[in-house]
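Asker: Top line first, the protein sequences correspond to chains A and B. Mapping the first sequence onto my numbering, position 88 (from 1) lands on 88, and the numbers just tick up by one. To convert, count from 1 in the second sequence and add 139; that's my numbering.
Any given hint might turn out to be false.
The calculated DSBU-like cross-link candidates involving lysine-lysine, where the alpha carbons are at most 30 Å apart (straight line), are [unchecked claim]: (1) A:Lys-103 <-> A:Lys-28; (2) B:Lys-143 <-> A:Lys-28; (3) B:Lys-196 <-> B:Lys-157; (4) A:Lys-28 <-> B:Lys-157; (5) B:Lys-200 <-> B:Lys-157; (6) B:Lys-143 <-> B:Lys-196; (7) B:Lys-143 <-> A:Lys-103; (8) B:Lys-143 <-> B:Lys-200; (9) B:Lys-200 <-> A:Lys-103; (10) A:Lys-13 <-> A:Lys-103; (11) A:Lys-28 <-> B:Lys-196; (12) B:Lys-143 <-> B:Lys-157; (13) B:Lys-200 <-> A:Lys-28.
Stretch-level coverage of chain A by chain B, calculated; a stretch enters the list once three of its residues show a Cβ under 8 Å from a Cβ in chain B [said to hold, decoys possible]: (14) 40-49; (15) 53-60; (16) 64-71; (17) 88-102.
No lab work stands behind these hints, which were simulated from the structure alone. These figures come from a predicted structure and were not determined experimentally. Cβ coordinates follow ideal geometry from the N, Cα and C atoms, glycine included.
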Amino acid sequence: MTAGISEQRNPYKGEPQRAWLRLILRPKNGVLRELDFLADTGSPCALVLSEAAMAQLTWGKTSTADTNFGPLAGGWLRLTMPELGLDEFMPGYASEEVVASAKQNSPDFEGLVGLPVLRLGEYGGDADSFWFRGRKKPT
Amino acid sequence: MNDKQELDLNEAAYRRLKEHIRQTYPHGRFVALAGGEIVADAASMEQLHTVLEAMGKDPVKTFIIQAGVDYPEYLIILTQDVRP
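Chain A on its own, in the form it takes in the complex (with noise of 0.2 Å):
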């Protein structure tokens, strides 16, 4: 049996449309962070970011990355969204290159959000919305 299971809904935005999530970032210390990611299945990456946001939001160093997009300096995020049933730490990237080329569709985007977020939970679309559903809870 599952019980609340918690979706996040949200209407295609950008030129062209993309779709994307609003997710929440805590930092080891100071106030959360909520930012809206281009959601993008085809990115390996779980998170990519400005430097900036990744200098406020990391919880550690790990390993660089070459990409598409030249050498990204990797760090553990923390997303914490209990209204989806996540508390996760992730690795994610820093790269100014991406995130200009996600704010190229809507200059409210922060970075992306890839296949190692999305797959934690359920994801899908239709033709006005993309959504991502938590985890199911065991009852």
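Fit chain B to the known structure of chain A by using the hints.
Answerer: What follows is chain B alone, placed relative to chain A:
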């Protein structure tokens, strides 16, 4: 040693020690490297921070991986504006 040199040193140490870490620590355990060596490990990120702080180290500046987890050296991000 500046931050970039320290990161490079720890990245190289991680690549060298990856298999040792996989065989030595339980899958998913958080392992910290500093100065090119393993300096601490813990079951959770928060516990690891506590250990590192007790050692006088800044966890936010420390290189941290999870045992048995692969961190690819090359990734392709498919979204839109792909650079050469």
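Asker: Count the residues of the region 88-102 of chain A with a beta-carbon closer than 8 Å to any beta-carbon of chain B: does the count reach three?
Answerer: Since 6 is at least three, the answer is holds.
Asker: Need the status of pair B:Lys-143, B:Lys-157: alpha-carbon distance at most 30 Å?
Answerer: Satisfied, since the Cα-Cα distance of roughly 20 Å is no more than 30 Å.
Asker: Does the structure keep B:Lys-200 and A:Lys-103 at a Cα separation of 30 Å or less?
Answerer: At roughly 29 Å apart (the allowed maximum being 30 Å), A:Lys-103 and B:Lys-200 satisfy the hint.
Asker: Do the alpha carbons of A:Lys-103 and A:Lys-28 lie within 30 Å of each other, as the hint requires?
Answerer: Distance ~27 Å between A:Lys-103 and A:Lys-28 Cα, so the pair holds.
Asker: Are the Cα positions of B:Lys-143 and B:Lys-200 separated by 30 Å at most?
Answerer: holds (11 Å)
Asker: Are there three or more residues in the region 40-49 of chain A whose C-beta lies within less than 8 Å of some C-beta in chain B?
Answerer: Since three or more residues must qualify, the claim that chain B covers the region 40-49 of chain A holds, with 6 doing so at under 8 Å.
Asker: Starting from B:Lys-143, check that the Cα of A:Lys-103 is at most 30 Å away, please.
Answerer: Distance ~28 Å between B:Lys-143 and A:Lys-103 Cα, so the pair holds.
Asker: Is the straight-line distance between the alpha-carbon of B:Lys-200 and that of B:Lys-157 30 Å or less?
Answerer: With a Cα-Cα distance of about 20 Å, the restraint between B:Lys-200 and B:Lys-157 holds, given a limit of 30 Å.
Asker: Between B:Lys-200 and A:Lys-28, is the straight-line Cα distance small enough, at 30 Å or below?
Answerer: holds (12 Å)
Asker: Can the restraint linking A:Lys-28 and B:Lys-196 be considered satisfied, given a maximum Cα separation of 30 Å?
Answerer: holds (15 Å)
Asker: Keeping to a limit of 30 Å between CA atoms, is the pair of B:Lys-143 and B:Lys-196 held or broken?
Answerer: holds (17 Å)
Asker: Quick one, are B:Lys-143 and A:Lys-28 close enough, alpha carbons at most 30 Å?
Answerer: holds (22 Å)
In terms of the numbered hints stated before, the structure departs from none.
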